[in-house]
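A.B. asks: Below, each chain spelled out in residue letters.
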Amino acid sequence: MAKTYEIRDPIYGFIELNDWEREIINHPVFQRLRRIRQLGLTDMVYPGAMHTRFEHSLGVMHVATRMFDEIVKRRKEFLESELSFTEGGLERDKVLVRISCLLHDVGHAPFSHAAEELMITDASGKFYKHENYSAAAVAYLMQDVIEKHPFNQNYGIKAQDIADFLNGRSKLGRALLWRDLLSSQLDADRADYLLRDSHHIGVAYGKYDLNRLLVTMTVAIDPETDSPTLAVEEGGIHAAEALIVARYMMFTQVYFQHTRRAYDHHLAAAIKTLLSEAQSSSELEIRDALPPPTSREHLESYLKWNDWRVLGLINDGNGGGDGHILRERAHHRRIFETPEVPGREDLELTEFLCSELGEDGAFVDKAESSWYKFDSTDVPILLRPGKNDEKLVTLSQRSSVVHGLKAVNRSRIYTPYERREDVRKRVEELSNKYRKEKEVRK
Amino acid sequence: MRVNIDIPWNRYGLIAELTNRLKYQCPQFGKTILQKMVYLLQEVYGVKCGYQFDLYTYGPFTSQLLQDLDLVETFNAVRISSVMSAVGGYHIEPGERNEELKEKAGEFLRDPVVSKAIDNLIEHFSSSNAKKLELLSTIVYVSRDMRDEGLSRENLIQMVSDVKPKFARPEIEEAVSTLEEKQMVSFP
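Those protein sequence lines, which keep their order, are chains A and B. Take 56 as the starting number for the first sequence in our numbering and just add one per residue. Take 12 as the starting number for the second sequence in our numbering and just add one per residue.
Read the hints as simulated data drawn from the structure, not as lab findings. Backbone N, C-alpha and C define an ideal beta-carbon position, used for all residues, glycine too. It is possible that some hints are incorrect.
[Unchecked claim] Okay, derived cross-link-like pairs now, DSBU-like style, lysine-lysine, Cα gap no bigger than 35 Å in a straight line:
{"#": "1", "chain 1": "A", "residue 1": "K181", "chain 2": "B", "residue 2": "K127"}
{"#": "2", "chain 1": "B", "residue 1": "K127", "chain 2": "A", "residue 2": "K421"}
{"#": "3", "chain 1": "B", "residue 1": "K59", "chain 2": "A", "residue 2": "K428"}
{"#": "4", "chain 1": "B", "residue 1": "K143", "chain 2": "A", "residue 2": "K181"}
{"#": "5", "chain 1": "B", "residue 1": "K143", "chain 2": "A", "residue 2": "K428"}
{"#": "6", "chain 1": "A", "residue 1": "K442", "chain 2": "B", "residue 2": "K127"}
{"#": "7", "chain 1": "B", "residue 1": "K193", "chain 2": "A", "residue 2": "K226"}
{"#": "8", "chain 1": "A", "residue 1": "K461", "chain 2": "B", "residue 2": "K127"}
{"#": "9", "chain 1": "A", "residue 1": "K226", "chain 2": "B", "residue 2": "K143"}
{"#": "10", "chain 1": "A", "residue 1": "K213", "chain 2": "B", "residue 2": "K177"}
[To be verified] So these bits of chain A aren't anywhere near chain B, every CB distance computed over 12 Å:
{"#": "11", "residue": "D199"}
{"#": "12", "residue": "V463"}
{"#": "13", "residue": "R467"}
{"#": "14", "residue": "K491"}
Could you put together the complete structure from these sequences and hints?
C.D. replies: Here it is, written out as C-alpha cells:
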C-alpha cells in the first residue's frame with residue numbers, strides 16, 4: 056500500500072497526499088506560492104488576510120477530489136452509460152483533476168490578482184490570464200516531476216495534459232466535464248476560497264454548508280442543449296443558495312471593498328514601475344509589463360517575481376509615486392460610486408463626472424474589471440435524481456433569493472488623498488448640476 | 012492625467028439589437044442562444060465585442076455576457092423570463108427602453124461592417140434552436156482552438172463527439188458540412 060501524508064489545514068482538518076503529490080509540492084514552482092498572498096494587500100483593511108496561495112491550492116485539490124468522488128459515487132452508471140466514461144478512464148480523470156487543481160495557481164503574479172492587469176495580449180488580442188501562466192509553468196518547468204514519477208506509470212499523464220486542463224483546451228475531450236470542478240459556478244476554487252478567506256479575515260460572509268453541497272453534487276444532461284453539466288440535487292438547493300449568497304457578500308464586503316481596490320491599483324502601478332526598472336537592462340523586449348508565458352526563459356523571468364521581492368524593493372524606496380503611497384498608507388480615496396446595480400442614468404453621470412473632474416480624478420474602478428466578479432451564472436438543479444422523470448431546472452427558478460440577485464456592476468471614482476475633501480464637494484456640485492440640466496432637457 | 016471610464020454601450024446596444032431582431036425569428040431566444048450568437052458574431056464574422064469565451068461541455072461561454080445582460084435588463088431594454096416547459100431555459104424579449112439603448116450604440120450598430128455581419132448572422136443561424144447552435148459554435152471553437160495543429164475533418168468530428176457525447180455522429184458530420192459550405196471551418 057502506497058504511503059500517504061497528511062497536512063494540517065485550518066478548514067478541513069487534514070489534507071491527504073501521496074508521494075507523487077508530495078514531490079510536486081516540493082518543486083520550487085509550487086513552493087513559490089508560499090510567497091504569493093491570496094488576497095494581495097487586503098490586510099490593510101482586514102489584518103488577518105495574510106494567507107497564501109500555497110494553502111489555497113492544497114484546499115482546492117482536496118475539495119475537487121471530494122466533489123469528484125461524490126459525483127462518481129452517485130452517478131457512476133449514468134457516467135458510463137450516458138456519457139461513455141469507463142472505470143479506468145474515471146480513475147485517470149481523478150488523478151488529472153487532483154494534480155491540475157493542485158497546480159492551478161502556480162502562475163499567479165505577485166499579490167495574486169493585483170498585478171494581473173500587467174499581463175499583455177496574445178497574437179489574437181486575447182489578454183493572458185494567470186491560468187495561462189500556470190499552464191505554461193507546468194508544461195515548461197514541471198515535466199520531470201509530473202511525468203517521471205513511478206505512480207504515473209499507470210496513468211501516463213503528461214505535463215501537457217495538465218496544461219490543457221488548466222487552459223480549458225478542446226483536446227480534453229470527455230474530461231472537459233471535470234474542468235467545471237475548477238471553473239464554474241460550482242467549482243472547488245471558489246468553494247475553497249470563500250471558506251478560507253472568511254476564516255482568515257474573520258468574517259462570516261463566505262460561510263456555507265460545504266458538506267451538504269458535496270453530498271448533493273451530481274451530473275446531468277441539460278434538456279435545452281443535450282449537454283452534460285454539473286448540477287446539485289434537489290436536496291442541496293439551500294446549500295447552493297447559501298453558496299451564491301456567500302459569493303455576493305464576499306464580493307461586496309471583501310473582494311470589491313473600496314480601500315482594498317485602491318491598494319490593488321497602487322500595487323499594480325508600483326509593480327509596473329519595478330518591472331520597467333528591472334527589465335530595462337534585460338534582454339526581454341517587454342519593459343513595463345509581465346513577460347508573456349510563451350517560452351521557458353519568459354516563465355523563469357516571470358516566476359522570479361513574488362511578494363517578497365516586490366515588498367523588498369518597495370521598502371527600499373523603489374516603485375515610484377505608488378510605492379511611496381504604499382509605504383505611507385496614503386492611498387487614493389473613493390469620492391463617488393454608483394449603486395451596485397446601476398441604472399443607465401447612473402452610468403451617464405459617471406461618464407459626466409469623469410469628463411469634468413480632469414486632474415482631480417485619480418482612477419476609475421469597475422466591478423467588471425475585478426477578477427472576483429459577482430455575475431448571475433445560474434446553478435443547475437436536478438429534480439427527482441435517478442428517477443425516470445428526473446428533470447433539470449435552474450436555481451433561480453426555484454429560489455426567490457437567487458432570482459432577485461443581479462450581477463454587481465458598480466463603478467467608482469478615486470481622488471488623491473490630499474485633495475479628497477475638496478473633490479468630494481466638487482463631485483456633489485457637479486452631480487447636482489448634471490441632474491438639473493437633465494431635468495431641464497426633459 | 013484625466014480619468015476615463017469606458018462603458019461598453021456598444022455591447023449593451025448589441026444585446027438590445029439581437030433581442031429585437033431575434034424575438035420572432037429564433038426558436039426560444041434565451042440566454043443560450045444569445046451566448047452562441049454573440050460568439051459566432053465575434054469569432055466568425057469578426058465583430059469586436061471584447062468578450063473572452065472559454066469552452067465548456069455546453070459550448071463557448073462567457074460570464075461577462077450574462078453580467079452585461081443583467082445590466083441591459085436593469086435598463087429596461089430587455090425582459091427575461093424562465094420557460095417552464097420540459098426543455099426549460101429562458102426567454103428574452105425587448106423591453107420598453109430597447110430602442111433608446113440601441114440608439115445609444117447607434118454609431119456602432121449602423122457601421123456598415125457591423126450591420127452586414129449581424130444581417131449575415133441572422134440569415135445563417137436564426138432558424139437554429141439552442142441545441143443546434145451549441146453544436147455549431149462548439150465545432151467552430153474546437154476547429155479554431157486546434158488550428159495550429161492541422162486538425163483533420165475526422166479528428167474534428169471525433170473531438171466534438173467526445174465533448175458532446177449525446178450528439179449522434181451523423182448529426183455532428185452534418186453540422187460540420189454546413190459550416191464547411193459557409194467556409195466557417197476548413198481543413199488542411
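A.B. asks: Confirm or reject each hint.
C.D. replies: Quick rundown of the hints versus the structure:
For the given pair, K181 (chain A) sits about 24 Å from K127 (chain B) by alpha-carbon distance, which is consistent with the 35 Å threshold. At most 35 Å may separate the alpha-carbon atoms for a hinted pair to count; K127 (chain B) and K421 (chain A) meet this at roughly 32 Å. A C-alpha spacing of about 22 Å is found between K59 (chain B) and K428 (chain A), which places the hinted pair at or below 35 Å, so the restraint holds. Under the criterion of a C-alpha separation no larger than 35 Å, the hint pairing K143 (chain B) with K181 (chain A) is consistent with the structure, at around 27 Å.
About 30 Å separates the Cα atoms of K143 (chain B) and K428 (chain A), which keeps this hinted pair within 35 Å; it holds. For a cut-off of 35 Å, the pair hint linking K442 (chain A) to K127 (chain B) is broken: about 48 Å separates their Cα positions. Between the alpha carbons of K193 (chain B) and K226 (chain A) the distance comes to roughly 25 Å, so the proposed pair stays at or under 35 Å and holds. Note on K461 (chain A) and K127 (chain B): the hinted pairing holds, with a Cα-Cα distance of about 33 Å set against a maximum of 35 Å.
As the CA atoms of K226 (chain A) and K143 (chain B) are separated by approximately 21 Å, the hinted pair is consistent with the 35 Å bound. A C-alpha spacing of about 28 Å is found between K213 (chain A) and K177 (chain B), which places the hinted pair at or below 35 Å, so the restraint holds. The Cβ of D199 (chain A) sits about 24 Å from the closest Cβ of chain B, beyond the 12 Å cut-off, so the non-interface label holds. Not every C-beta of chain B lies more than 12 Å from that of V463 (chain A), the closest at about 9 Å, which undercuts listing it as non-interface.
The beta carbon of R467 (chain A) is not kept farther than 12 Å from every beta carbon of chain B, the shortest such distance being approximately 10 Å. At roughly 21 Å from the closest C-beta of chain B, the C-beta of K491 (chain A) stays outside 12 Å, upholding its exclusion from the interface.
The structure shown violates the earlier hints numbered 6, 12, 13.
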